[in-house]
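Enquirer: Sequence:
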Amino acid sequence: MSIVQVHNVKKAFGANVILGGVSFQLQKKERVGLVGPNGAGKTTLLNIMAGLETADEGSVTYAKGTTLAYLQQQVDVTSAGSMEEELRKAFAGLEKLAETLRTYERQMAEGKLPPEELAAVMAAYGEARQLFEAAEGYNAEARLRAVVNGLGFTEKDLDRPVSSFSGGERTRLRLARLLLEKPDVLLLDEPTNHLDLAAVEWLEKFLATWPGTILLVSHDRYFLDRVVERILTLENGRMKSYPGNYSAYLRQKELERVTLEKSYRKQQLYLEKETAYIRSLGTSEREKRQAKSRQKRLEKLQLVEKPRQEKKMVLDFNYAGRSGDIVARLEQVSKGFGTHKVLGNVSFEIKLGDRIGVVGPNGAGKSTLLKLLAGELAPDSGRIWLGPSVCPVYFDQHQQVLDPQKTPLEEILDACEMTVTEARTYLGRFLFSGDDVFKRNETLSGGERSRLALAKLSLDAGNFLMLDEPTNHLDIMGMEELEAALLAFPGTLLVVSHDRYFLSRTTNKILDISAGRARLFSLPYEEYLAERDREAEARPAATEAKKRLRREEENRRREEELARRRRQRKLQAALAQAEEEIAACEATVRELEKELSTPEVFSDYRLAAEKGEAMAEAKKKLSVLYERWANLAEQLEE
Numbered sequence: 001m002s003i004v005q006v007h008n009v010k011k012a013f014g015a016n017v018i019l020g021g022v023s024f025q026l027q028k029k030e031r032v033g034l035v036g037p038n039g040a041g042k043t044t045l046l047n048i049m050a051g052l053e054t055a056d057e058g059s060v061t062y063a064k065g066t067t068l069a070y071l072q073q074q075v076d077v078t079s080a081g082s083m084e085e086e087l088r089k090a091f092a093g094l095e096k097l098a099e100t101l102r103t104y105e106r107q108m109a110e111g112k113l114p115p116e117e118l119a120a121v122m123a124a125y126g127e128a129r130q131l132f133e134a135a136e137g138y139n140a141e142a143r144l145r146a147v148v149n150g151l152g153f154t155e156k157d158l159d160r161p162v163s164s165f166s167g168g169e170r171t172r173l174r175l176a177r178l179l180l181e182k183p184d185v186l187l188l189d190e191p192t193n194h195l196d197l198a199a200v201e202w203l204e205k206f207l208a209t210w211p212g213t214i215l216l217v218s219h220d221r222y223f224l225d226r227v228v229e230r231i232l233t234l235e236n237g238r239m240k241s242y243p244g245n246y247s248a249y250l251r252q253k254e255l256e257r258v259t260l261e262k263s264y265r266k267q268q269l270y271l272e273k274e275t276a277y278i279r280s281l282g283t284s285e286r287e288k289r290q291a292k293s294r295q296k297r298l299e300k301l302q303l304v305e306k307p308r309q310e311k312k313m314v315l316d317f318n319y320a321g322r323s324g325d326i327v328a329r330l331e332q333v334s335k336g337f338g339t340h341k342v343l344g345n346v347s348f349e350i351k352l353g354d355r356i357g358v359v360g361p362n363g364a365g366k367s368t369l370l371k372l373l374a375g376e377l378a379p380d381s382g383r384i385w386l387g388p389s390v391c392p393v394y395f396d397q398h399q400q401v402l403d404p405q406k407t408p409l410e411e412i413l414d415a416c417e418m419t420v421t422e423a424r425t426y427l428g429r430f431l432f433s434g435d436d437v438f439k440r441n442e443t444l445s446g447g448e449r450s451r452l453a454l455a456k457l458s459l460d461a462g463n464f465l466m467l468d469e470p471t472n473h474l475d476i477m478g479m480e481e482l483e484a485a486l487l488a489f490p491g492t493l494l495v496v497s498h499d500r501y502f503l504s505r506t507t508n509k510i511l512d513i514s515a516g517r518a519r520l521f522s523l524p525y526e527e528y529l530a531e532r533d534r535e536a537e538a539r540p541a542a543t544e545a546k547k548r549l550r551r552e553e554e555n556r557r558r559e560e561e562l563a564r565r566r567r568q569r570k571l572q573a574a575l576a577q578a579e580e581e582i583a584a585c586e587a588t589v590r591e592l593e594k595e596l597s598t599p600e601v602f603s604d605y606r607l608a609a610e611k612g613e614a615m616a617e618a619k620k621k622l623s624v625l626y627e628r629w630a631n632l633a634e635q636l637e638e
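Following our numbering, the numbering of the sequence shown begins with 1 at its first residue and continues without gaps.
Keep in mind the hints are simulated off the structure, nothing from the lab. Since this is a predicted model, take the numbers as computed values, not measurements. Glycine included, C-beta positions come from ideal geometry on N, C-alpha and C. Take the hints with a grain of salt, since some may be wrong.
[What the hints assert, rightly or not] Computed beta-carbon distance windows for the label pairs:
(1) Lys351 - Arg517: 15 to 25 Å
(2) Ala573 - Leu523: 30 to 40 Å
(3) Arg238 - Gly516: 32 to 42 Å
(4) Ala124 - Ala208: 45 to 55 Å
(5) Ala378 - Gly168: 18 to 28 Å
(6) Leu52 - Arg160: 20 to 30 Å
(7) Ala63 - Glu141: 25 to 35 Å
(8) Ala92 - Asn555: 38 to 48 Å
(9) Gly51 - Ala123: 47 to 57 Å
(10) Glu561 - Gly516: 33 to 43 Å
[Stated by the list, open to error] Straight-line C-alpha distance at most 25 Å; calculated SDA-like pairs for lysine to any residue:
(11) Lys570 - Leu625
(12) Lys262 - Ala583
(13) Lys266 - Ala291
(14) Lys89 - Glu110
(15) Lys351 - Glu526
(16) Lys619 - Thr598
(17) Lys351 - Glu527
(18) Lys351 - Ser458
(19) Lys240 - Gln27
(20) Lys312 - Lys156
(21) Lys253 - Ser23
(22) Lys406 - Glu442
(23) Lys273 - Glu285
(24) Lys205 - Tyr138
(25) Lys182 - Ala140
(26) Lys29 - Leu68
(27) Lys371 - Asn345
(28) Lys311 - Arg429
(29) Lys64 - Val32
(30) Lys594 - Leu575
(31) Lys371 - Ala415
(32) Lys156 - Leu68
(33) Lys266 - Arg517
(34) Lys182 - Lys311
(35) Lys266 - Gln290
(36) Lys156 - Ala119
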């Protein structure tokens, strides 16, 4: 049963059409991911659904009585109270219900009501208690503590005034309140922004069991895989729906692309051959009629749309040549700010060819570490040493390298000796075209600023890249281009990121920073996670039972994953076989259609009947093959 209906929603800003008649439905308890390039209109669509913007045409309809909550990317929580007071606003309805229950309980305990009134109060009490239990009123305190801890807050944070919170903390606070409110429909725009890895993992598990409907925008591919069960894509103002998680969507999209390209090439070849044949016909009346007939058939043909070439950022890092075997060494390095000690006695070594991912809780000192290595900060104590022939290049997540008053064109011209034409061509590789190059940097979107910072960074020759959250504000296509550029870079990499897919693809070691300490694991990200879990299991016996259950669950999941992969390989082989048979059968149908249209066949009754029977048999077989392919594809997505 649908709880949200979006019908023919259109939105344009001037001549720029963002939404070109978008329609879809959300079902009760459905978890859906919304993906698309930066600027495609994802946030605009959520704003329209939340009533913050008005559509030019179309409608958004919610089922009667539906409650809605919306997490925006930029949140301004204004409150004079503490964090706990702000969160308890989520329980306003529960507290009223609890007060009603207490009133009924007092009336029943006093024993002064006549039997008829007592019966009415008891009935009302029963109904109110049912509502309270359904809303998990008795678990409200436990839920509050679970959400606070899960999103990376501490017990001390509950007493802090909201006015003292940073922008990222306010976004997390807003998310915490929405989760406690438990609306029927939850709209989330980049909910993993400002969350560390532990909080993202917690949020995944929390949302996977969410009792309501979720529509979320995210560039976190792991997050999408673990949370959603359907993908909506928004591109060029149009929307498409794909069943399954993000990985399933990628497989379906690739199959669509391959199929469309094959169909387009085949049709173009057919058109060329037919056109050439028509031109080759003579001037006799019979040949003129034949040419006219074939030309009409071509005009009636439904043309296959030419596959779109997606605009991609073209990125490669300027390699400065080989460095020494030891790229950097930290010896007993400490750093603090005022009375707050961030890093204490940190020691480790970075070797040539290392590709190190830096992980840890928010505020642990990851950015501080990169600034120390880049020379942006000086250590309070200890020694930092860079090896011979090391050329470091540093990317700051806040893009402080960009002058807000300059334009992208001015940034590149000031950074490198280029002509205006060369600079504009170079910026075109980073998707800046037309008047985009003349915008003030301060007016650029987050994605545009990230691309400009990468454009400027790749002008610098280096062999030691230090990147602080380089995927921030990039869309998924931009992330993929960044990953490809890093994989092609032959130097050494140190990168801070909370994107697990990115870390898995681009790093071979993990530096874990927490509680002021740093530990270097000579393991890729997935193996680091397994090692971290093994270490957690070796802790005090008080949690042994819980750990044993988790270990058993992980073993079960691993076995299920192995079985799933074996099954997928078999299904993929069967699917490929079905596709080959479909292609052959389609070719047979086309050939028979062509033969049936020739005078030699349609003028011969028996031959035409034979060809007609063969055509019917081929189409019947094709229908069976289509059904088999659909069943196999459905099984593959399960």
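Enquirer: None of the hints should be skipped; say for each whether it holds.
Expert: To see whether the hints hold, each was checked on the structure:
1. Lys351 - Arg517: 15 to 25 Å: For Lys351 and Arg517 the Cβ distance comes to about 21 Å; the hint holds.
2. Ala573 - Leu523: 30 to 40 Å: holds (33 Å)
3. Arg238 - Gly516: 32 to 42 Å: Once the Cβ atoms are compared, 50 Å apart, the range 32 to 42 Å for Gly516 and Arg238 is violated.
4. Ala124 - Ala208: 45 to 55 Å: violated (37 Å)
5. Ala378 - Gly168: 18 to 28 Å: holds (26 Å)
6. Leu52 - Arg160: 20 to 30 Å: holds (28 Å)
7. Ala63 - Glu141: 25 to 35 Å: Holds - the Cβ-Cβ distance for Ala63 and Glu141, about 31 Å, lies within 25 to 35 Å.
8. Ala92 - Asn555: 38 to 48 Å: holds (44 Å)
9. Gly51 - Ala123: 47 to 57 Å: Hint violated: Cβ distance 38 Å, outside 47 to 57 Å.
10. Glu561 - Gly516: 33 to 43 Å: 36 Å Cβ-Cβ, so the 33 to 43 Å window holds.
11. Lys570 - Leu625: holds (17 Å)
12. Lys262 - Ala583: holds (10 Å)
13. Lys266 - Ala291: holds (21 Å)
14. Lys89 - Glu110: violated (32 Å)
15. Lys351 - Glu526: holds (21 Å)
16. Lys619 - Thr598: Holds. Lys619 to Thr598 sits at ~20 Å (cutoff 25 Å).
17. Lys351 - Glu527: holds (20 Å)
18. Lys351 - Ser458: Holds. Lys351 to Ser458 sits at ~22 Å (cutoff 25 Å).
19. Lys240 - Gln27: holds (16 Å)
20. Lys312 - Lys156: Status violated; Cα separation ~45 Å.
21. Lys253 - Ser23: holds (20 Å)
22. Lys406 - Glu442: holds (8 Å)
23. Lys273 - Glu285: holds (22 Å)
24. Lys205 - Tyr138: holds (22 Å)
25. Lys182 - Ala140: OK: Lys182 and Ala140 at ~11 Å, within 25 Å.
26. Lys29 - Leu68: holds (13 Å)
27. Lys371 - Asn345: OK: Lys371 and Asn345 at ~16 Å, within 25 Å.
28. Lys311 - Arg429: Holds, at roughly 9 Å.
29. Lys64 - Val32: OK: Lys64 and Val32 at ~21 Å, within 25 Å.
30. Lys594 - Leu575: violated (28 Å)
31. Lys371 - Ala415: holds (21 Å)
32. Lys156 - Leu68: Between Lys156 and Leu68 the Cα gap is close to 30 Å, so the pair fails against 25 Å, i.e. violated.
33. Lys266 - Arg517: violated (61 Å)
34. Lys182 - Lys311: Violated, because 39 Å separates the two Cα atoms, which is more than 25 Å.
35. Lys266 - Gln290: Given pair Lys266, Gln290 holds - Cα atoms ~23 Å apart, limit 25 Å.
36. Lys156 - Ala119: Violated - the C-alpha atoms of Ala119 and Lys156 are around 46 Å apart, more than 25 Å.
Checked against the numbered hints given earlier, the structure breaks hints 3, 4, 9, 14, 20, 30, 32, 33, 34 and 36 and satisfies all the rest.
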